[in-house]
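Enquirer: Here the structure of chain A is known, so what remains is to put chains B and C in place on it, guided by the hints.
Chains as they are written, first to last, in our numbering: chain A, 1 to 445; chain B, 446 to 762; chain C, 763 to 1051.
Simulated from the structure, these hints should not be mistaken for laboratory data. Cβ coordinates follow ideal geometry from the N, Cα and C atoms, glycine included. Careful: at least some of the hints might be erroneous.
Claimed, not checked - Residues on chain A that point at chain C, a partial pick, calculated with CB under 10 Å:
{"id": "1", "residue": "280"}
{"id": "2", "residue": "300"}
{"id": "3", "residue": "303"}
{"id": "4", "residue": "424"}
{"id": "5", "residue": "429"}
{"id": "6", "residue": "435"}
Stated by the list, open to error - Label pairs and their computed distance ranges (CB to CB):
{"id": "7", "chain 1": "B", "residue 1": "610", "chain 2": "C", "residue 2": "767", "range": "44 to 50 Å"}
{"id": "8", "chain 1": "C", "residue 1": "767", "chain 2": "B", "residue 2": "652", "range": "40 to 46 Å"}
{"id": "9", "chain 1": "C", "residue 1": "767", "chain 2": "B", "residue 2": "531", "range": "26 to 32 Å"}
{"id": "10", "chain 1": "C", "residue 1": "785", "chain 2": "A", "residue 2": "353", "range": "53 to 59 Å"}
{"id": "11", "chain 1": "C", "residue 1": "1000", "chain 2": "A", "residue 2": "48", "range": "31 to 37 Å"}
{"id": "12", "chain 1": "C", "residue 1": "785", "chain 2": "B", "residue 2": "735", "range": "52 to 58 Å"}
{"id": "13", "chain 1": "C", "residue 1": "817", "chain 2": "A", "residue 2": "357", "range": "26 to 32 Å"}
{"id": "14", "chain 1": "A", "residue 1": "308", "chain 2": "C", "residue 2": "771", "range": "42 to 48 Å"}
{"id": "15", "chain 1": "B", "residue 1": "531", "chain 2": "C", "residue 2": "771", "range": "24 to 30 Å"}
{"id": "16", "chain 1": "C", "residue 1": "921", "chain 2": "A", "residue 2": "308", "range": "54 to 60 Å"}
To be verified - Straight line, CA to CA, 35 Å or less: simulated DSBU-like cross-link-like pairs of lysine-lysine:
{"id": "17", "chain 1": "A", "residue 1": "125", "chain 2": "A", "residue 2": "366"}
{"id": "18", "chain 1": "B", "residue 1": "519", "chain 2": "C", "residue 2": "766"}
{"id": "19", "chain 1": "B", "residue 1": "514", "chain 2": "C", "residue 2": "818"}
{"id": "20", "chain 1": "B", "residue 1": "514", "chain 2": "C", "residue 2": "779"}
{"id": "21", "chain 1": "B", "residue 1": "683", "chain 2": "B", "residue 2": "614"}
{"id": "22", "chain 1": "C", "residue 1": "818", "chain 2": "B", "residue 2": "556"}
{"id": "23", "chain 1": "A", "residue 1": "131", "chain 2": "A", "residue 2": "159"}
{"id": "24", "chain 1": "A", "residue 1": "259", "chain 2": "C", "residue 2": "818"}
{"id": "25", "chain 1": "A", "residue 1": "39", "chain 2": "A", "residue 2": "67"}
{"id": "26", "chain 1": "C", "residue 1": "766", "chain 2": "B", "residue 2": "527"}
{"id": "27", "chain 1": "C", "residue 1": "818", "chain 2": "A", "residue 2": "278"}
{"id": "28", "chain 1": "A", "residue 1": "42", "chain 2": "C", "residue 2": "818"}
{"id": "29", "chain 1": "A", "residue 1": "125", "chain 2": "A", "residue 2": "278"}
{"id": "30", "chain 1": "C", "residue 1": "818", "chain 2": "A", "residue 2": "261"}
{"id": "31", "chain 1": "A", "residue 1": "389", "chain 2": "C", "residue 2": "766"}
{"id": "32", "chain 1": "C", "residue 1": "766", "chain 2": "A", "residue 2": "343"}
{"id": "33", "chain 1": "C", "residue 1": "766", "chain 2": "A", "residue 2": "434"}
{"id": "34", "chain 1": "C", "residue 1": "766", "chain 2": "B", "residue 2": "455"}
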Amino acid sequence: MKRFLTTLFLAFTLSAGLAAQISEKEEEFLYSIHAYDGKEYKKTFCREESSTIYLLADDQSFLMPRKTFVYYDAALNMWRIDSQGVNEELPGRLEVTGTDNKVTYIDKTVYTYYVTPGEWDMQWKVYTGQKALDEWKTFEELREKIREEGKKFQEEMFKYRRWKEEMNKKIKEARLKGKNFEGLVQELNAKSPPPYPGRIHYELYPLEMAFIINLPVGEYRIRLLDSEGRVYENSDKKIITFSRERSNSVGFIYSATDKIKLPKQSRIPQAIIYINGKHDLYLRPYLQNEFNDFYHEKLSNNDGRGNPLSTKWIITEPLYNSWLEYHRSAEPGPEISLEEQFKVERSRENPFGYRIVYYDRNDAHKNFEPDFRSFYLPMDGKSTVIKIKVRDYKDKYYVSGEREIRVVWYTAGLVFLLILAGIPIAVYLFITIKRIILYRTAEKS
Amino acid sequence: MIRTKDLTKKFGGYVAVDNLNLNIKPGETYGFLGPNGAGKTTTISMILGTLTPTEGEIFLFGEKYTLNKAGLRKRIGVVPDKHPVGVWTWMTAFEYLNFFASIFEVKDAGKRIEFLLEQVGLHEFRNRRFTSYSRGMLQKLSIIRALLPNPDILIMDEPITGLDPFGIKQVRDLIVAENREGRSILISSHQLSEIEKICHRVAIIFRGKLLAEDNMDRILKTLVRHREIEIDVEKIPKTLIRQIEKMKFVNKVKVEDLTLKIEINDDTDRRRDVAEFIFKKGLIPLRIQEKNPSLEEAFMTITNENMALFTRKGAQK
Amino acid sequence: MNEKVRVIGIIARTRIKETLLNPALYVLITGALVFTYYSLVDFINAIDSDGLNLAKTPILELVSGLMTSFFGRTASENLFAHGPFLFTFIVIFFPFILYLSISTAFKLGNEKSTGACQLVIFGPVNITPYYLSFLIRDIFFTLGYIFLVCILFTAGSLVTNMVVDPTFFLSAVSSFFMAIALLSYGILASSLASNGFTSLSIYLSSVAVFFVLYIGSLMTISEYTINPATVIGLVLQVFSPFFYWQASLTAVEHGNWLVFLLDVFALVLITSVLMVATHFLSRIRSIKV
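So that you can see chain A by itself, here it is in the shape it has in the complex:
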């Protein structure tokens, strides 16, 4: 009984605690937003309380007005939607008024978008209207085709495995009986498994209806009108469209041999990369755009926080077709590193349990994908400064594609600072003693 009561008490306390974590759910008018952030599409929503929607200028973003439940989740420190109860998409036209009081009306359009997956590069494509319908149809057909191919592959694979088992059995029997089984082995090795079916390299999002917003930089007011021209309550919002502050700057993703799975970024142009020089580096340049921190944060999360005076760099795409020129201080001239593909292999000899090797498409790594692509930058143990520059195949250097890598280690020479620290005190003591002697002489006289 006592145990039961304790359990009951704990359950009650726990549930009460959890209940306190979220606010009461309230039905609200909101705009669901699919906003392009310069690299990819982000989903957020603009609540009744929020006055402004932030979008990238001259790029397509999507607004979907709806009525649904909204609540605050204290545990996650964010506002969330509960679309299980009410999720009413609101019909109508969107009235957009610019600062010049020019009014335009936008109707909902069907759209879809997809992303092509890669190493870490994301190419987003958006289709609207008839093109979206066509694209969706193509995707459905492709998905059906792949499904069929997959089914066929499964069947053939099943047959192949059964045949392989049979062959193994025959070889085993021949070996036990002392018969020659060379021919069987040759037959086994000669037959390849069925080829893998094709893959869809992208995932198309289901078709949706939304207002497509593609506005130049500026401030606008929007409101939703129903079929009779009446304005929906709480649909009046401000839209701020903003652009990149700097574009196509070069950033680097880099990692050292011993921390290959923990890459770091060097976003700020002209920033110094300090390393201890104990391991080789793998660098990958990318293009990046700079945005106002506050606007961009609000674009990604309408309830988020940002710094209006600050900026942030956003990766747009990897820098393909480029060379890395590096000049190690111990070497007389610059050297060139080409972008290579690498494979991470297990290795007991290495203290960190793996080794990085060049990807061998034809032989060792046949049927495997490379783990990463990068520019290899070996450490020579002598150079203390390595200057890197990225240039394209036409030998043109990329603006802000330079970095300085410095090898730094603790040196006892730094103690000179502590020794210097004593000098001001010594000077003060000297001056004070001199003054005291002056005063004392006077007092004695």
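Expert: Frame of chain A, contents of chains B and C only:
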């Protein structure tokens, strides 16, 4: 040397100095008298350029003075009423004087400092931090500082306030000596006794207005109508009081324990007369002192009536 | 004019000597050197085979964590983008400037109330050169300190192979002008006050307002709200040396030299306006003998 014409200073609605006309002549020691709040400091501040007059004009050494004519101020030595405390605490007296000598471009500064320090007996303390100086030493240091550029006129604000008798004498002697060398001196004070001993001419200011500007004797006659002699006697018979009251120069007699306080109605020193009279009565005066009223006290008696008196006198003159 | 310059020189020299006799100066320089040592050592300890790992040292982790949470990731990244020197400079520079400005505001106010400055202005100059002499002292020590720091950092960079970025020197230039503008506020405060404590209170209050506005402007926000307080804040920012200093740092980071020069010019303008205001205020308010 210094002349003011209709000098007026208003702070909002309050008139601190009201149409003041002063004239300090070369070579004289000029007393500028008035109770606290009379407008003395405000007047001096305007002369020194730290306050801008609301109306009126100031003439320094015959030239009309404006704030931009800072060079004229260089010819004035100033001894403020208090020495700055808690600043320049690291300076020795010599360094302090040297600093001002540099500002005032004193030639042969080292020699002049040594000379002046010697003059006032501070030479042996020159390397001492002046923060350890006594009030009297500080006052002397302040006067030396003012004298460094050999000014044409020395303006002193309450120069003996807070000094012990020895210090008062030293400062007084210094002022007299400087005046004898032909330097004009303006002393602002509320202590009649000292002004009386030093000054040739006096200006009295009250509530911003100039009540009188005259020589010392005439001012005293106007201002001090009742003087008092205090005598300590071994015993005081009742008849003695009546007899003293009958003396022709006595106004009234008060008794406090064994002290007789005799109010005199003329300007003559009557201490000898009173002492001889008490001797004749077979009593021995133990202490006899003429009580000089301070200007502060004198001004306590200023009423509308005697203000009118001063005003009349001024008009007659 | 020459007379004024001469007197300013004399008073400034005395001021400089006075400051040199003050232990606070030496304590601050020693503190700066010790901090620089630990800052560099900490930074080196945080360097890994793959770059900076601030989490390796508690102090840098704390600093970057606070920076990120209050001002955003970019602010934290910018602070250490070229090494530890900018961070170290900010930490050791502000206490020094605070010391100088507090000393200026308090001493000037105190010297007015005790009658010390009157002794000088009874002489060949008005009070403006007296104020200017403080500015000269502050310029002298600020320049000296920045020069010392630059030499120190350069030496530190040579020993450690870390870089004192050229942009750091530009930041030091704008920091100098920011400091002078701040110190001018100390002088203005003393012209408004009649004694040291009032002067110090006025000065510290104004700096506190500017500092809060500055920190507020750097902090991440969730919404722009226009209300009387934000409007007042925006107006006050125009007078804040921190505002132009931050703008100049951003301009340096962006390589926008025109904006940098404009920001420096704004700081010089603030200083000039404050000194002119001090001049006229002291004429209006006058000084009691």
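Enquirer: Next, verify each hint and record whether it holds.
Expert: Now the hints, each set against the structure:
1. 280: For residue 280 of chain A, the interface hint holds, since the closest Cβ of chain C sits about 9 Å away, which is under 10 Å.
2. 300: 13 Å, violated
3. 303: 7 Å, holds
4. 424: For residue 424 of chain A, the interface hint holds, since the closest Cβ of chain C sits about 4 Å away, which is under 10 Å.
5. 429: 9 Å, holds
6. 435: This hint holds: residue 435 of chain A lies near chain C, its Cβ roughly 7 Å from the closest one there, short of 10 Å.
7. B:610 x C:767: 44 to 50 Å: 46 Å, holds
8. C:767 x B:652: 40 to 46 Å: Roughly 43 Å apart at Cβ, these two residues keep to the hinted range, so it holds.
9. C:767 x B:531: 26 to 32 Å: With a Cβ separation near 29 Å, residue 767 of chain C and residue 531 of chain B satisfy 26 to 32 Å, so the hint holds.
10. C:785 x A:353: 53 to 59 Å: 57 Å, holds
11. C:1000 x A:48: 31 to 37 Å: 35 Å, holds
12. C:785 x B:735: 52 to 58 Å: 56 Å, holds
13. C:817 x A:357: 26 to 32 Å: The hinted range 26 to 32 Å holds for residue 817 of chain C and residue 357 of chain A, with Cβ atoms some 30 Å apart.
14. A:308 x C:771: 42 to 48 Å: 46 Å, holds
15. B:531 x C:771: 24 to 30 Å: 25 Å, holds
16. C:921 x A:308: 54 to 60 Å: 40 Å, violated
17. A:125 x A:366: 31 Å, holds
18. B:519 x C:766: Distance ~13 Å between residue 519 of chain B and residue 766 of chain C Cα, so the pair holds.
19. B:514 x C:818: 67 Å, violated
20. B:514 x C:779: 30 Å, holds
21. B:683 x B:614: 40 Å, violated
22. C:818 x B:556: Between residue 818 of chain C and residue 556 of chain B the Cα gap is close to 67 Å, so the pair fails against 35 Å, i.e. violated.
23. A:131 x A:159: Judged against 35 Å, a Cα distance of about 41 Å means the pair is violated.
24. A:259 x C:818: 15 Å, holds
25. A:39 x A:67: 29 Å, holds
26. C:766 x B:527: 26 Å, holds
27. C:818 x A:278: Measuring from Cα to Cα gives roughly 17 Å; hence the hint holds.
28. A:42 x C:818: 33 Å, holds
29. A:125 x A:278: 42 Å, violated
30. C:818 x A:261: At roughly 18 Å apart (the allowed maximum being 35 Å), residue 261 of chain A and residue 818 of chain C satisfy the hint.
31. A:389 x C:766: 56 Å, violated
32. C:766 x A:343: Violated. Residue 766 of chain C to residue 343 of chain A sits at ~77 Å, over the 35 Å cutoff.
33. C:766 x A:434: Satisfied, since the Cα-Cα distance of roughly 32 Å is no more than 35 Å.
34. C:766 x B:455: With a Cα-Cα distance of about 30 Å, the restraint between residue 766 of chain C and residue 455 of chain B holds, given a limit of 35 Å.
In the structure shown, a violation is registered for the earlier hints numbered 2, 16, 19, 21, 22, 23, 29, 31, 32, in ascending order.
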